[in-house]
Amino acid sequence: MKKNLLMILALTASISYAQRQADIITKFGSDIESISLVPATGDVIVKDKNTITNYNPIANKTTWSINKKDYQSDFRSTTLGSIMSYFEEVVTEIEVLPRSPYARITLDNNDLIINILDGTVLYNSKEAKSRIIKTNFIVEDNAILMLTADEKAFNFLYLSPTENKIKWTTEVGTQEKMSVFKSIFSAGQEANEKILKVNNDLYITVKGFLFNLNTTTGEIKWKTDFKIQDFFLSQNLKNMIVISDASSLISSKTSVNILNTDTGAKLWKSDITTKFVTYIEDWNDRILIAHNTGFNFYSYNDGKKMWKKDAKGKAIKRVIPVENNYLYIADTEMNLVNQEGAPQWKKFIEIADNSEDEIYFLDKVDNNRVLYLTDTYGNMVDYSTGKKIWKRNIKFSKKRPIAVGHNEKDNVFLAYNHRKIYKFDPNSNDAPEPIGDKIDVQNDKAITSLEVIDGSVICIVGQNDVIGVAPDGNVIYHNTYKEPGEAGRRLLKSAAIAAKTFGNINAARQNVIANSTYTMSYRDSRGNLVESTNYVFSEEDRAKAKRTLEAQQAVMSGIDSEIMPLVQKRFNALKQTADYAYVFARGTEGETTQLVKVRKKDGKEVDKIAISNNKPLYEIDPATGSIYYVYNNELRTFKVN
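For the sequence shown, the residue numbers in mature numbering (1 follows the signal peptide of the UniProt record, and there is no 0) are -18 to -1, 1 to 623.
Because the hints were derived from the structure by calculation, they are not lab data. Note that the structure is predicted; figures quoted are calculated from it, not measured. Incorrect hints may have been included.
As a list, the in silico DSSO-like pairs of lysine-lysine whose alpha-carbon atoms are at most 27 Å apart [said to hold, decoys possible]:
#1 402 with 427
#2 108 with 134
#3 203 with 149
#4 405 with 380
#5 621 with 43
#6 9 with 51
#7 147 with 116
#8 405 with 420
Build out the structure end to end from the sequences listed, making use of the hints.
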């Protein structure tokens, strides 16, 4: 798991025990420049000044090593360098390709594609005097698609790792004639890069331009001459929904249109142009689109609306499909409509007092109720009638953060706000009351999350507090922390405060919308909501993806069953990772910053590691809990106690 996903809290702690020393210290020839965890195996790829090495923590040994000078290129190009500067992807020194046993290694003047199981170099860009801009693993074909650049042109390359050869090369365009790419360098909102494969068609965006490639021949069937922010394929594979940035100097706008997947031509004469798009749902022959000023079905063929009137309300900022109806928010109110656009409630229900209020939870829960939790209010509504369960909303303090969670054991919803925890029980008619007394939080404004551990501990976490509360409101533990030193503040300022589940170890296929701003839902021929985005992909592709992953697992298992743990075993181990929080804390010696591992169940600090610089290199293996930390030329391994 990448380090910037694990800098979850900025804390300084009163540590109750001595700092633990590393379990294993592995020395390398020179100072380590970067490390990267291999999700499938748990190995760590280490790059120092002279070598690229694979370290296996189970066997405590290096399994292969590449001497960088054997692959170093003296090829330098001012023209190519200026082009590459526009692509941020090249700055990643070690990139393990998701769902694959392959990695891209960036050296000073060239790039390598390697097999991380044995260190075999599959591709070396210096031979073509080019650089790799983008790399994508196509799990269905067990192939690697690369976008490369040389002094004359951009090219797509399709690499077969098993055959260790380039199956085809397609020129995207020359430097002189690439009018499409010239506008890449113009100002404008950058799109999330995305790739989607269906049968022999490969759809990929490059700096916002959408390409359709034939994976057998490499032929570019078509490409857009305008930038897009996102795209989705209809389940009949005939229509491509594209969302574009239509902003001007004086306003921010988004546009929607439909492309013919055979030709790339627009099917609608006019775009839907709006302030923002809220919800998209594919019905095979028509599409439901909700946006700032409208909510209606549209014909794929001509873009005409299919409901006589749009659903009532303006500033539609969220739509939630519930059974055969749609729960939606317009400005500060919510309503329910059916699939014909007819309101199911007599009136709108106010759920906030400001259109900018955050919505923390809105959905149907048990006992035929809808629960809403916003910056302003918390309450439940009868799903059939739209009548509030409690006449008065629970009013939250907007000057304090709100953290929400769900106790699956008792099936109750919890909301922390201003030193209180409120319980919302779908099966009770009693108005929510705070459980227990007010919690003496050191910094109430810095609370960030609420999580229920094993149904018995409500864990509340903030910058200065880690608190465990019993379901009856009694405080089980309360760890308090002081402000970090200047070094710690500098370290944490550069970190991304985020939390993600490490779910890419044994996935069945690439998640094509993992980084997308938008999502699209699908309905089958009976109007039933299809939960999986895999619905649009062919059985052939799903079967090929499954065979590829099974073959990879067999290879890893066959190399050495003791050294190479099975992917599935690592995947199952992830169930334990929610038991701990990783926090940054000041140690007992002045400005020293430490990485502390806290057990959420009882608040015990089970581990701590000294961080000796402001830009630490480290990885945390979510499947085992082991921490790998770089100190000069040493890789220090801290195993789970």
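Hints and how they fare:
Between residue 402 and residue 427 the CA atoms are separated by roughly 13 Å; this keeps the pair inside 27 Å, and the hint holds. The hinted pair formed by residue 108 and residue 134 meets the criterion: a straight-line CA distance of about 15 Å does not exceed 27 Å. For the hint linking residue 203 to residue 149, the alpha-carbon distance of about 18 Å falls within 27 Å, and the restraint holds. The straight-line distance between the Cα atoms of residue 405 and residue 380 is roughly 18 Å, inside the 27 Å bound, and the hint therefore holds.
At roughly 15 Å between alpha-carbon atoms, residue 621 and residue 43 fall within 27 Å of each other, so this suggested pair holds. For the hint pairing residue 9 with residue 51, the CA-to-CA distance comes to about 20 Å; that is within 27 Å, so the pair holds. Between residue 147 and residue 116, the direct Cα distance comes to roughly 18 Å. Compliance with the 27 Å bound is thereby established for this hinted pair. As the CA atoms of residue 405 and residue 420 are separated by approximately 14 Å, the hinted pair is consistent with the 27 Å bound.
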